[in-house]
Amino acid sequence: MKRLAGLSTLALIISSTSGCGWLWGDEGYFRDRSTDYLDARQTAPMQMPANVDAKRIDPLLPVPAHVATSSETPQSFEVPRPQALGAAAESNEFSLQKSGDSRWLVAQRTPAEVWPVARSYFENNGFRIAEERPQTGEFITEWQGAQDLAPSMGRRVGSLMSDTDNQVRVRVRIEPGVVRNTSEVFVVSAEREEGSSADVGFPARSGNASLEASLLDGMLADLGSTAEHGSVSLLAARSYDAPSRVSLTQDGAGNPVLNLSTDFDRAWSSVGRALELGDVRVDDINRSLGVYYVNLAEGAKKPEEKKGFISGLFGSEPTKEEIDARAERYQVRLTRNAGGDVQVTVEKDINTVAPEDVARRVLTLIQENLG
Numbered sequence: 000m001k002r003l004a005g006l007s008t009l010a011l012i013i014s015s016t017s018g019c020g021w022l023w024g025d026e027g028y029f030r031d032r033s034t035d036y037l038d039a040r041q042t043a044p045m046q047m048p049a050n051v052d053a054k055r056i057d058p059l060l061p062v063p064a065h066v067a068t069s070s071e072t073p074q075s076f077e078v079p080r081p082q083a084l085g086a087a088a089e090s091n092e093f094s095l096q097k098s099g100d101s102r103w104l105v106a107q108r109t110p111a112e113v114w115p116v117a118r119s120y121f122e123n124n125g126f127r128i129a130e131e132r133p134q135t136g137e138f139i140t141e142w143q144g145a146q147d148l149a150p151s152m153g154r155r156v157g158s159l160m161s162d163t164d165n166q167v168r169v170r171v172r173i174e175p176g177v178v179r180n181t182s183e184v185f186v187v188s189a190e191r192e193e194g195s196s197a198d199v200g201f202p203a204r205s206g207n208a209s210l211e212a213s214l215l216d217g218m219l220a221d222l223g224s225t226a227e228h229g230s231v232s233l234l235a236a237r238s239y240d241a242p243s244r245v246s247l248t249q250d251g252a253g254n255p256v257l258n259l260s261t262d263f264d265r266a267w268s269s270v271g272r273a274l275e276l277g278d279v280r281v282d283d284i285n286r287s288l289g290v291y292y293v294n295l296a297e298g299a300k301k302p303e304e305k306k307g308f309i310s311g312l313f314g315s316e317p318t319k320e321e322i323d324a325r326a327e328r329y330q331v332r333l334t335r336n337a338g339g340d341v342q343v344t345v346e347k348d349i350n351t352v353a354p355e356d357v358a359r360r361v362l363t364l365i366q367e368n369l370g
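Heads up, the sequence shown is in numbering that gives the first Met the number 0, so the first residue is 0 and it goes up one at a time.
Source of the hints: derived by calculation from the structure; they are not laboratory data.
Given the structure is predicted, the values throughout are model-derived calculations rather than measurements.
For glycine and all other residues, C-beta sits at the position ideal for the given N, C-alpha and C.
Keep in mind that a hint or two might mislead.
[Unchecked claim] Using C-beta positions, here's what the derived DEER-type ranges look like:
1) Leu37 - Val178: 29 to 39 Å
2) Glu327 - Ala252: 43 to 53 Å
3) Asp283 - Asp262: 37 to 47 Å
4) Pro354 - Ser196: 51 to 61 Å
5) Asp250 - Glu141: 38 to 48 Å
6) Ala39 - Val178: 16 to 26 Å
7) Glu122 - Pro354: 31 to 41 Å
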C-alpha cells in the first residue's frame with residue numbers, strides 16, 4: 000500500500016509540472032528527438048592508431064551501383080521474378096547415395112525408364128546378359144574376364160579385382176524408390192578364379208565395394224546422357240512380379256494377411272500411396288506403431304479441392320456428426336516379421352481383428368494399387 004501511494008504521489012508531481020521547460024520543453028529531458036538527424040553533420044573518418052592493422056569491413060547489404068549513383072526516385076519499379084529452379088532440378092535427377100559401405104543410385108524416374116538405359120550401359124561396355132527379369136527389375140551378367148569387356152571398362156574392372164586374371168559377373172537390381180516415380184539402382188558383384196566352373200553366389204550386400212562403386216559412377220554419367228531419349232520398357236512398366244514380392248495369404252487363424260517382400264520404410268510409403276489411390280480416407284497415422292487409421296465410409300481426403308462459395312451456402316459438406324454416424328473405422332497395421340519382410344493386416348482395434356470380408360476387401364484394394 001505504501002508503494003502504491005508513493006507511485007501515485009510521483010505521478011501527481013510529474014503531471015503538475017508538465018508545463019516546466021526542464022522536463023518537456025525543447026531542452027527538456029523528454030524533448031522530441033525525431034528531427035535531430037536533420038542537424039547531423041558529416042565528420043572526418045575515424046583514424047586508427049599507427050601501430051594497429053586496419054581490416055576492411057565490407058557492408059553486409061551493399062546498395063546496388065545503379066541505385067547509389069541515381070538521385071532520382073522512379074515512379075514505379077517492378078521487382079524481378081526469381082529464377083526458375085528447373086536447371087537445378089535437372090542436375091539432381093540422378094544421384095549417388097551412401098550408407099556405410101553400401102552405395103546405390105537414385106533416379107528421379109520410374110523403373111520402366113531406368114531399366115533400358117541401365118541395361119544398355121552394361122551391354123555397351125562389353126557385359127553379356129545371362130539372365131533378365133524385367134518384371135522384378137533385375138538382370139545378371141555372364142562370368143567374364145576383364146579382357147572380355149570394352150577396353151576402358153576392362154582396364155577399370157581389372158584394376159579393381161583381387162586378381163586381374165579372375166572372372167567377374169554383376170547383378171543389377173532396379174527397385175521403386177520410397178518417393179513415388181523414383182527408382183533405386185543396386186549393383187552387386189561376384190568374383191571367381193579364371194577357369195573355375197564353381198557357381199559362386201552373390202553376397203547379401205557387397206562383393207567388391209570399390210568395383211561396384213566404380214560401376215555406379217559410370218552408370219550415373221551414362222544415365223544422365225541417355226535417359227533424355229525417353230526410352231521406356233513396357234515390360235518393366237507393368238507391376239513388379241506380384242507372386243514373389245506381394246502375396247495375399249492367411250495367418251494361422253484364417254485371417255487375411257498381405258505379405259510385402261521389402262523393408263519397412265518402402266512398405267509404409269507404398270501402403271499409404273495405395274490407400275490414397277484406392278480412395279480410402281486416412282484419418283490419422285502412427286508410424287512408430289505402423290498403423291493407418293482409415294474410415295471406409297468416406298473417400299480419400301483431397302486438400303487441394305476447396306469447397307466453393309455456393310456449396311458452402313447450401314451446406315453440401317457433411318458435418319462431423321454425420322461423418323461419425325456413418326463411419327466405418329479400421330486400422331491398417333504394418334508389422335515386420337522375423338524374415339525382414341512386412342505383413343499388412345486389418346483390425347477393428349488393437350484387440351479385435353476386422354471381419355474377414357472387410358479385411359480381404361481392404362488388402363485386395365491395397366494389393367491392386369501397389370507398384
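Status of the hints after comparison with the structure:
1. Leu37 - Val178: 29 to 39 Å: violated (60 Å)
2. Glu327 - Ala252: 43 to 53 Å: For Glu327 and Ala252 the Cβ distance comes to about 22 Å; the hint is violated.
3. Asp283 - Asp262: 37 to 47 Å: Violated: the Cβ-Cβ distance is about 23 Å, outside 37 to 47 Å.
4. Pro354 - Ser196: 51 to 61 Å: This hint holds: roughly 56 Å between Cβ atoms.
5. Asp250 - Glu141: 38 to 48 Å: This hint holds: roughly 42 Å between Cβ atoms.
6. Ala39 - Val178: 16 to 26 Å: Check failed, 58 Å falls outside 16 to 26 Å.
7. Glu122 - Pro354: 31 to 41 Å: 52 Å Cβ-Cβ, so the 31 to 41 Å window is violated.
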